[in-house]
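Chemist: Here the protein sequences come in this chain order: H and E.
FYI, the numbering for the first sequence is 1 to 150, going by this note's numbering.
FYI, the numbering for the second sequence is 1 to 184, going by this note's numbering.
Hints in this document: simulated from the structure, not taken from any laboratory.
We put the CB at the ideal spot given by N, CA and C, even for glycine.
Don't take every hint at face value.
Per label pair, the in silico range of CB-to-CB distance [said to hold, decoys possible]:
1) V8/H x A49/E: 55 to 63 angstroms
2) S145/E x Q145/H: 35 to 43 angstroms
3) G150/E x N134/H: 50 to 58 angstroms
4) I183/E x V39/H: 24 to 32 angstroms
5) K178/E x V39/H: 31 to 39 angstroms
6) E87/H x P184/E: 56 to 64 angstroms
7) K91/E x A34/H: 12 to 20 angstroms
8) L12/H x E151/E: 42 to 50 angstroms
9) A131/E x E133/H: 21 to 29 angstroms
Some chain E residues near chain H, calculated using beta-carbon distances under 8 angstroms [unchecked claim]:
10) I96
11) E98
12) D99
13) E109
14) E117
15) Q121
With a straight-line cut-off of 25 angstroms between C-alpha atoms, the simulated PhoX-like cross-links for lysine-lysine are [to be verified]:
16) K102/H x K69/H
17) K106/H x K91/E
18) K85/H x K136/H
19) K106/H x K72/E
20) K65/E x K43/E
21) K78/E x K102/H
22) K102/H x K87/E
23) K178/E x K106/H
24) K91/E x K33/H
25) K91/E x K101/H
26) K178/E x K160/E
27) K178/E x K102/H
28) K136/H x K102/H
29) K47/H x K85/H
30) K106/H x K64/E
31) K85/H x K78/E
32) K82/H x K69/H
33) K113/H x K144/H
34) K136/H x K69/H
35) K113/H x K102/H
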Amino acid sequence: MKIVKIIVLVLLVVFVGIQFVPTVHNQSERTPKADFMLVNDVPKDVKNKLQISCYDCHSNNTQYPWYSKIQPGAWFMENHIKNGKEELNFNEWDTYSNRRKKSKLKSIINQIKDDEMPLSSYTLIHRDAKLSENEKKEMIQFMKQLRDSL
Amino acid sequence: MAAMLLLTVSFTNAQEKEKMSHEHGDMKMDHSTMKMNKVNNPKAEAVLADYFMLKDALVGDDSKKAAQAGTKLMASLKAFEITSYNKEDQKELADIIEDATEQAEHISESPIAHQREHFKQLSIDITDMVAITGTKNTLYEQFCSMADNGEGAYWLSLSKEIQNPYLGKAMPTCGEVKSIINIP
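Only chain H is shown next, with the shape it has when bound in the complex (with noise of 0.2 angstroms):
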């Protein structure tokens, strides 16, 4: 019994400590130039979910959800934007070659036919963020739409 008692001392020790450690917030107050809906002409459901399922990871600016104030919730989110940012960012989007953009369009498009984008650790927790059958289909359609405009 003390055993138990020991451990979750140590453990509620330890849960409060990494409270302390800092992560960096990745918030902007302006949209670049070179965003994505800024250089496209984005139709209005897209644009919306756009918005709701991929700029918290593919953007500088993240709408933070409240675990993720939260230790160890604000690391694998931390994580999880700068892996999406390194991969495609939608507010740098006309920075892209045009070889860049196309093949960054085919990688979308393959993404979210094969349901591996959004992550599903992601929309365990934000249900909105999760595209329905039709939601993938007017996002594929728009994608190749604009592929085939580049």
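Given chain H's structure and the hints, the job is docking chain E onto it.
Modeler: Coordinates of chain E only, in the frame set by chain H:
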């Protein structure tokens, strides 16, 4: 009678062959208009060698080997020097290398289906690179309409024979030669 029949068959065969070599002749014309000079750029050849290693791994459904080739390719792309080309080609090559490196990185860390997705874009990049750099070898640009879920995809090969990197052992011979770079 049998002899006559045999003669006709061999005659049509000969005709066919002639037709085929004629087609190849046309291709040659096409390519002389593209810049396919046989310049020997060792850095470009290194990139191509790694690309072919990757292609062969995908032909053999070998995801692990493909991942290793992807890592090698990232290194050979990084070592590529573009300073000897003119301004316009330098920009194009920089774009190609940036994109190809990204594809190679994904290939180095993904399961085989994903590797093949990125191999499609990589093949476009490498083909465009060769159009600028040239190569000492004869390359065959091949195409399979069934690859990439029926969207179709290209790849480069050192041999005329089709060995499909997208479908692997499931459909090894799907595809056809679309063009030849440096006709032998």
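Chemist: Indicate, hint by hint, whether the structure satisfies it.
Modeler: Outcome of the hint check:
1. V8/H x A49/E: 55 to 63 angstroms: 59 angstroms Cβ-Cβ, so the 55 to 63 angstroms window holds.
2. S145/E x Q145/H: 35 to 43 angstroms: 22 angstroms, violated
3. G150/E x N134/H: 50 to 58 angstroms: Hint violated: Cβ distance 22 angstroms, outside 50 to 58 angstroms.
4. I183/E x V39/H: 24 to 32 angstroms: 43 angstroms, violated
5. K178/E x V39/H: 31 to 39 angstroms: 34 angstroms, holds
6. E87/H x P184/E: 56 to 64 angstroms: 41 angstroms, violated
7. K91/E x A34/H: 12 to 20 angstroms: Holds, at about 18 angstroms.
8. L12/H x E151/E: 42 to 50 angstroms: Hint violated: Cβ distance 55 angstroms, outside 42 to 50 angstroms.
9. A131/E x E133/H: 21 to 29 angstroms: Between A131/E and E133/H, where Cβ atoms are some 41 angstroms apart, the hint is violated.
10. I96: 7 angstroms, holds
11. E98: 7 angstroms, holds
12. D99: For D99/E, the interface hint holds, since the closest Cβ of chain H sits about 5 angstroms away, which is under 8 angstroms.
13. E109: 12 angstroms, violated
14. E117: 6 angstroms, holds
15. Q121: Cβ of Q121/E sits 5 angstroms from chain H, so the hint holds.
16. K102/H x K69/H: 36 angstroms, violated
17. K106/H x K91/E: At roughly 22 angstroms apart (the allowed maximum being 25 angstroms), K91/E and K106/H satisfy the hint.
18. K85/H x K136/H: 21 angstroms, holds
19. K106/H x K72/E: Given that 25 angstroms is the threshold and the Cα spacing comes to 24 angstroms, the pair holds.
20. K65/E x K43/E: Roughly 22 angstroms separates the two Cα atoms, so the pair holds.
21. K78/E x K102/H: With a Cα-Cα distance of about 22 angstroms, the restraint between K78/E and K102/H holds, given a limit of 25 angstroms.
22. K102/H x K87/E: 23 angstroms, holds
23. K178/E x K106/H: 23 angstroms, holds
24. K91/E x K33/H: At roughly 23 angstroms apart (the allowed maximum being 25 angstroms), K33/H and K91/E satisfy the hint.
25. K91/E x K101/H: With a Cα-Cα distance of about 16 angstroms, the restraint between K91/E and K101/H holds, given a limit of 25 angstroms.
26. K178/E x K160/E: 10 angstroms, holds
27. K178/E x K102/H: 22 angstroms, holds
28. K136/H x K102/H: Judged against 25 angstroms, a Cα distance of about 19 angstroms means the pair holds.
29. K47/H x K85/H: Since the Cα atoms of K47/H and K85/H sit roughly 18 angstroms apart, the hinted pair holds (cutoff 25 angstroms).
30. K106/H x K64/E: 24 angstroms, holds
31. K85/H x K78/E: Holds, because 22 angstroms separates the two Cα atoms, which is no more than 25 angstroms.
32. K82/H x K69/H: 16 angstroms, holds
33. K113/H x K144/H: Roughly 12 angstroms between the alpha carbons, so the hint for K113/H and K144/H holds.
34. K136/H x K69/H: Roughly 30 angstroms separates the two Cα atoms, so the pair is violated.
35. K113/H x K102/H: Between K113/H and K102/H the Cα gap is close to 16 angstroms, so the pair holds against 25 angstroms.
Hints 2, 3, 4, 6, 8, 9, 13, 16, 34, counting from the list given before, are not met by this structure.
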